Structures are given as C-alpha cells and as structure tokens.
Amino acid sequence: QQQVKQSPQSLIVQKGGISIINCAYENTAFDYFPWYQQFPGKGPALLIAIRPDVSEKKEGRFTISFNKSAKQFSLHIMDSQPGDSATYFCASYGGATNKLIFGTGTLLAVQP
Amino acid sequence: ETGVTQSPTHLIKTRGQQVTLRCSSQSGHNTVSWYQQALGQGPQFIFQYYREEENGRGNFPPRFSGLQFPNYSSELNVNALELDDSALYLCASSRGQGRYEQYFGPGTRLTVT
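Protein chains in written order, with the numbering used here: chain A, 1 to 112; chain B, 1 to 113.
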C-alpha cells in the first residue's frame, strides 16, 4: 500500500508538443502529491504540487490532473522545450510516516 | 533566501568505514529529511528530523543514524559501510513536519569500494 507507480519509464516528445506522465497510488491516506524535476548530477527540484481537494492545478506550462476515485494523477507539460529534458518524479505523502514516497521516474527527452 | 546546501559533494570510502554527511536547511525551515537515491531510481526516505528529534524513519538499518542541531542543520552518519550504500544522498528541508513542500539540496555522491 506504500507504492507509487509511474509511467512511462521514458518519453520522447517533439518541441512544442505535450508531455504526459502518469502516476498511481494505493494508499488512500495519501493527501499531498508533488512532482519533481531532476537534471543529471543535481537534486530534485519541486515543480508543482496538488492536494486532493482539487482536480487540477496549473502553473505556467505545467498542469497536474488529479483523479481521487481512481487514485491517479498526472503531469502535463505544454509546449515542451528542449530545456525540459530531465527526469521527472511523482511523489505521494500522507499518513503517519512523515515521508515522501517517490515513483520510479520518467526520463523525458524533448527533441528540437 | 539561501537554499539547501550539502557537503561534501563527492566522497569515496572503503567498505567497513564510517561516513558523515552534512546538510544546512533553507532559511526559515525547521525540518530536515534524508533520502538515498540509487542510480536510475527514485529517492528512498531514510528519516526525518524535527526540532532535533527523529520524526519518522524508512526501511533502513540502525547503522544509518542522524542528528539535527539547534540551527536546524543536520548530519547523516552511516557506519560499517557496504558496497550497496553507494548512492546519491539527498537532504530536503521544509517548514514543518506535516504536508509542507520539501526542497532538496544538490546531494552528496558516495562511492563505497
């Protein structure tokens, strides 16, 4: 019940296209869902986060869609740029453990 | 506002040795969490410190231990190093122990030979 499943493992998108990464969680006690972006040799950087009281949150080109009944959430990157090429991690938080549980990551490559 | 900093950047140790990694939290943050990230995987939670006390622990053996100081900086200590301990060790700080945004440092790359 502590897993967060992320797909796809890798993704290639053309410049200007939409990148979509999906995550599914099991524990209904999870109540905070951030997305992180990580470049090689760097620590993860917080991109955007959502709580389950809303179904969508948008910040610039990044949008999280949240489906509480299906226990799924996704990251949409609009107008993808080569500079967006990185590994993206979804995560879930909640319950009594005070820990973020991360997905396995998606390696995004945006081709010029 | 100063971000999360970690030291050292890289470290090479021999199996069986002990290592100490350091983290300075972001200004205004009182909670520090430590994560281990193996190559090609997502970060795995080691433990969290809030007000100088351990406040949650992941599935790591007792040879992984930590400290938090009054200025909210933190140390991660690993005893009896094993080859599988080779990883990127990440520190994240947040405003509290609850559902607050966690901001990560650049990490310390530990190699155990």
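Keep in mind the hints are simulated off the structure, nothing from the lab. Every value quoted in this text rests on a predicted model; they were computed, and no experiment measured them. Some clues are possibly wrong.
[To be verified] Just so you have them, the derived chain B footprint on chain A, three or more residues with Cβ under 8 Å:
1) 15–22
2) 72–79
[Said to hold, decoys possible] Here are some of the chain B residues that sit facing chain A, going by a computed Cβ distance under 7 Å:
3) GLY42
4) PRO43
5) GLU52
6) PHE69
7) LEU90
8) GLY96
9) GLN97
10) THR111
Backbone N, C-alpha and C define an ideal beta-carbon position, used for all residues, glycine too.
Could you work out which of the previously given hints the structure breaks and list their numbers from low to high? Failing hints, ascending: 1, 2, 5, 6, 8 and 10.
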